[in-house]
Each structure stands twice: as C-alpha cells, then as structure tokens.
Amino acid sequence: MDYLLIQVLNGVQLGLLMFLLAAGLTLTFGIMDLVNLAHGSLYMIGAYIAWTFVTWTDSFVLGALLALPATFALGVAVEAVVMRRLYARDHLDQVLATFGLILFFNELVRVIWGPAGKSIAVPPFLSHTIEILPGVPYPAYRFALIVVGAAVALLLAWLVARTRLGMLIRAGASNRRMIAALGVNIELLFSLVFGLGAVFAGLAGLMAAPISSVKIGMGDDILILAFVIIVIGGIGSIKGAFVAAMVVGQIDIVGRAFLPELLKTFMPPASASAAAPAISQVAIYIVMAGVLVWRPTGLFGQRA
Amino acid sequence: MSEPLLSPRVLVTALLLAVLAALPLLTQAFDQRYLLSVGTRIVIWSIAAVSLNIILGYGGLVSFGHAAFFGIGGYAVGILSAEGIQNGWVQWPVALAASILWAALVGALSLRTRGVYFIMITLAFAQLVYYLASGLEAYGGDDGLNISRSRFPGLLDLRDKATFYWLCFALLCASLWFCGRLAHSRFGAVLRGARSNELRMQALGFPVFRYRLVACIVAGALGGLAGILLANEGAYVSPAMMSWVKSGDLIVIVVLGGIGVRFGPLYGAVAFFALEELLKPALDLMHKGWGEYWQIVFGPLLVLIALYARGGIASLLGFRRA
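Chains as they are written, first to last, in numbering that gives the first Met the number 0: chain A, 0 to 303; chain B, 0 to 321.
Hints listed in this document are in silico derivations from the structure and should not be mistaken for laboratory results.
Virtual Cβ for every residue (Gly too), placed ideally from N, Cα, C.
Take the hints with a grain of salt, since some may be wrong.
[As the list claims (entries may be wrong)] Computed cross-link-like contacts, DSS-like style, restricted to lysine-lysine with a CA-CA straight-line distance of at most 30 Å:
#, chain 1, residue 1, chain 2, residue 2
1, A, K214, A, K117
2, B, K160, B, K279
3, B, K287, A, K214
4, B, K287, A, K117
5, A, K214, B, K279
6, B, K279, A, K117
[Stated by the list, open to error] Not close to chain A: a few residues of chain B, all C-beta gaps over 12 Å, as computed:
#, residue
7, A81
8, L157
9, R185
10, V213
[What the hints assert, rightly or not] Okay, the calculated bits of chain B under chain A, using three or more residues with CB under 8 Å as the criterion:
#, segment
11, 121-127
12, 297-309
All chains, please: the whole structure from these sequences, using the hints.
Take a look at the structure:
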C-alpha cells in the first residue's frame with residue numbers, strides 16, 4: 000500500500016513535469032499553429048543554463064531564478080529570428096525548420112558545454128526525506144517538484160482563465176485574424192506566448208536536472224512524450240494537456256514499478272526487466288492511438 | 000510536354016545515374032573502398048525516400064514515422080536470420096509482408112486524422128515499433144543484433160560488396176521507374192487531386208480514404224525493402240535504425256531533393272550524404288577539430304531551405320512538382 004502511494008506520487012511528479020513542457024507546446028500549437036519540434040531544445044538549454052548559474056552562484060534557488068529570465072530571453076530571440084517566419088507556412092516547413100534547429104542546438108550545447116553530461120546536486124535544504132504519511136518516507140526534493148509543478152499549473156490556469164493576457168491567448172487560439180483585426184498587437188502577443196512556453200520548458204528542464212542528468216539530446220525523447228500528451232489532450236487545450244500528462248505519468252510509472260514483478264511470474268528476470276519499460280512506453284502510444292481513433296482531435300480538442 | 004533531350008535536368012539526372020551505376024568500378028579504380036559503402040547507403044536511403052515521396056509528395060500526407068519501415072524490414076530479416084533461416088527467398092517476402100501489414104494497419108488508423116494529428120500519430124506508431132524492438136531482449140534489445148547477410152544460393156552472393164551495391168542500385172532504378180509510372184497513372188492523379196482538394200475529390204465520387212490507404216501500403220512495401228537492404232548492408236539491426244531522428248532525416252531528404260518530383264529523393268539523398276561528407280573536412284580546414292560539429296552548420300541550412308528554398312534541388316534544375 001505504501002509502495003503504491005509512493006509510485007502514484009512519482010507518477011504525479013512525472014506528469015506535472017511533462018505538463019510544464021506540454022503547456023508551452025500546446026499554447027504555441029493552438030495559437031500560432033506552429034509545430035515546434037525544437038521545444039525540447041529549450042528544455043535542454045534551460046537545464047544547461049541552470050547548471051551554469053547554479054555552479055556560479057553555488058545556490059540552486061538563485062541559479063534557477065537567474066536561469067528562467069535567460070531562457071525567456073532565448074525563447075524570444077528564437078521566436079524573432081526563426082519562428083516568426085514560420086507561422087504562415089504549412090506544417091511540413093515547420094517540421095523541417097525546427098528539426099534543423101534541434102540539430103543546431105544539440106551541437107551548440109556540445110560546443111559550449113562539451114560532450115560530457117553535467118549534474119546538478121539536489122539542494123541541501125531538500126536532500127532529506129519527509130513523511131507524507133506516518134511511516135512512509137518520500138524524498139523532499141520530489142515532493143517539492145510536485146508542489147512547484149502544481150503551483151505553476153494553477154498559476155497557468157489562472158493566467159489563461161482570469162487575466163487579460165489569458166483572454167487574448169484564448170481569443171488568439173480560436174481566431175487569430177479576428178483579434179489582429181480588433182487591434183491587438185498580435186506579434187507582441189506571439190513573442191510573449193513563445194517566451195512563456197520557453198520559460199516553462201526551461202523550468203521543467205532545470206527541475207528535472209537533479210533527479211536525472213543534464214545531457215545532450217535530453218529534450219528529444221521527452222519532447223515526443225510532450226507531443227503525445229498534447230495530441231491526447233487536444234491541441235490548444237491546457238486542460239487537456241493537464242489530464243493527458245497525468246495519465247501518461249501514471250502509465251509510465253506503473254510500467255516501471257509494477258510490470259517487472261508481474262512479468263517475472265512468467266518470464267526470466269533479465270528479459271522481464273528489459274521488457275517492462277518498453278511495454279510501458281508502448282502502452283502510452285497505444286493509448287494515444289486509441290484516443291485518436293475514438294476522437295480524431297483529442298479529448299478536449301475543437302471539432303474540425 | 001515533350002522536352003528537349005539535352006536540358007540541364009536530363010543531363011544532370013543522366014550523369015548522376017551513370018556515376019552511380021559505375022560506382023563500384025570507380026571506387027575500385029581509385030581505391031576508395033569507403034566511398035562504395037557511402038554509395039550503398041545513399042542508394043538504400045534513396046529507395047526509402049522514393050517511398051516516402053509517394054505519400055508525402057504525391058499524397059501530401061506528412062508521415063513522421065517512415066523510419067519504422069527500416070526497422071520492420073530489417074528486424075524481419077534479422078529475426079529470421081537469428082532463428083537460422085538465412086534463405087533470402089524466405090526472408091525477403093516475409094519482411095515485405097510484415098511491412099505491408101504494418102502499413103495497412105497504421106494507414107487505416109492514421110488516415111482518420113488530419114494535419115498535425117496525422118504527423119503525430121505516425122510518429123507515435125513509429126515510436127511504438129522502436130520501443131518494441133528495444134524491449135526484445137531475445138533479439139539484442141537496445142544493443143541490436145548482428146546478423147549474416149541473406150543467401151540467394153546459386154544466384155547472388157550479397158557478401159560481395161559490388162554485387163550487393165548493384166542489386167541495391169537495380170532496385171532503386173526499378174522503384175524510380177515504378178514511382179514515375181504511378182505518378183502519371185490515374186491512381187496518381189487521384190492522389191494529387193486529393194492533396195490539393197480532398198473535399199472536391201470526394202464530391203467527384205472518389206473514395207479518397209481508400210486511395211490514400213493503397214498509397215500508404217505501396218510506400219510501406221518500398222520502405223520495407225529499404226529496411227531489408229539496410230539490414231544486409233550493415234549485417235546488423237538495432238532500434239537506432241528507426242529512431243524518430245531517422246524519420247526526420249527522410250523528410251529532410253525528400254524536401255531537400257524536391258518534394259513530389261520523381262528524381263527528387265535521389266537528388267536529396269545524394270545531397271544529404273554529400274553535405275555531411277563535405278562539411279566535415281571543410282570545417283576541419285577552417286579550424287582543426289571543428290569538423291565534428293558539422294551539424295551546427297547543417298541545422299541552420301535546413302532552416303534556410305524550409306524558409307527560402309521550398310522546391311529543393313529539383314526546382315533549381317527546373318522541375319515542377321507533379
């Protein structure tokens with residue numbers, strides 16, 4: 000029972016992390032109609048920038064606080080140089096150009112930070128464990144991830160549902176040309192939204208850094224998962240992204256935590272521990288295919 | 000419609016095909032064995048790109064999971080080989096059948112979606128095969144599987160590099176010929192019609208879904224063929240051959256060469272591999288050691304192509320999209 004609770008929490012933590020990544024993607028998708036494969040690069044660079052600042056200031060919090068504006072600036076710059084020219088293009092051009100950006104950023108990181116991975120230590124004030132229930136210890140850092148992730152998700156929900164910026168974002172998602180015609184500075188709005196997405200991606204990257212590692216290409220695989228999430232949830236829907244992220248997080252953790260034991264009952268242990276993560280990944284894609292066959296525009300997507 | 004026999008594009012294409020046809024002799028004459036293996040890869044990737052061009056170029060369907068066919072064709076050969084069945088007459092039809100089945104399944108499900116959703120669902124299916132292969136501990140898992148080349152007793156010895164190259168080249172010529180016939184058939188016309196206006200084609204009474212499904216299956220079979228050849232070329236299969244980056248590379252090749260043009264995939268594959276082989280020494284020349292960072296130039300080049308050179312190499316030569 001305790002083991003189950005801990006694994007469910009791990010699933011929530013992973014889901015929140017992926018939600019941060021997916022939120023930026025679904026916003027740029029929904030509002031600018033942009034397929035941005037390079038979103039994972041922002042996740043990676045966010046983590047690398049954080050590593051630099053954390054090593055420099057010797058403080059995780061200070062480093063993180065410095066890294067976020069830097070990621071925002073990078074996002075705005077990428078938007079101004081490349082993305083802006085892609086909004087009116089078809090998806091194929093966007094795929095090609097942002098695929099080129101991935102190659103560029105992966106190589107750039109290798110030039111600047113070198114080929115070896117980096118690691119960020121868990122900040123000392125979060126390196127203990129806390130008891131979430133009497134007798135059930137849980138790492139404080141992972142718990143902090145859940146808290147921060149949930150707080151950011153709430154902040155985003157508030158931003159989109161309650162503020163003027165959010166109103167413009169929602170209006171932009173349903174009809175770009177109309178809000179431009181109504182006198183909204185749509186270029187500024189697009190820059191802001193892209194920068195916001197970059198910050199969320201960078202935040203996800205730097206928060207994941209202490210529990211995984213900072214390495215080249217770290218954004219590529221998780222990017223695909225983020226795409227799966229926004230497609231399951233329905234492109235442009237923050238709510239959909241949240242629900243899908245939670246589902247995907249749970250599937251992934253269940254696969255890692257429980258499948259090996261289950262498979263070992265009828266398979267040799269070595270094969271079972273190799274097959275389990277693969278099966279949980281496969282399950283995620285099967286869920287996605289199932290959702291798309293059932294509802295071709297995702298759970299919360301607008302009907303075409 | 001008839002074009003002068005000596006227009007630049009005819010000359011370039013003829014020259015390219017002539018060089019490729021004579022490549023084993025050339026590499027032997029100049030003692031550049033390495034170039035023959037680069038050439039073999041170019042030819043195999045061209046076949047895969049021809050296959051992608053059918054759905055992407057003529058059908059207008061952006062499939063981001065085409066490398067899955069490398070894997071399915073390759074693993075069918077690899078698994079049979081690991082089980083002791085080396086005969087190509089068994090391996091190849093099984094691999095093709097597996098590719099066709101997969102294409103039919105993926106096509107039937109993916110074609111229900113449109114636009115970005117189609118891109119993502121094809122990507123997801125390819126990832127599914129990728130993870131399945133990496134979970135197959137019995138056949139190497141993540142590390143992949145060393146295999147021996149397919150045997151065609153008494154007919155061909157694929158271990159001979161030149162023989163294998165010529166087989167690949169012959170298959171490339173056949174697929175280029177087939178693709179040209181397909182594009183100008185009634186079938187191709189329907190496919191292109193649905194690309195520019197699906198609703199209108201449906202209103203005209205064409206079952207667009209079925210046409211597209213058949214296009215997916217044809218492309219899948221060709222893609223599987225490329226997978227069979229790729230597995231034989233390296234005598235090795237691994238999940239890496241169908242990572243999503245490979246699917247991206249295939250899209251790059253098709254667009255770079257000229258989308259929806261018969262010889263586009265060939266130009267694209269030659270340019271793609273040539274760029275890699277040229278950028279490395281060029282950067283090394285500027286500064287020792289820079290060569291390994293060639294993608295820092297190649298990446299922005301792709302951005303520029305996407306932004307400013309849509310027609311790819313084919314449009315430079317004066318081809319128009321079919």
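Tell me the hint numbers this structure goes against, listed in increasing order. none
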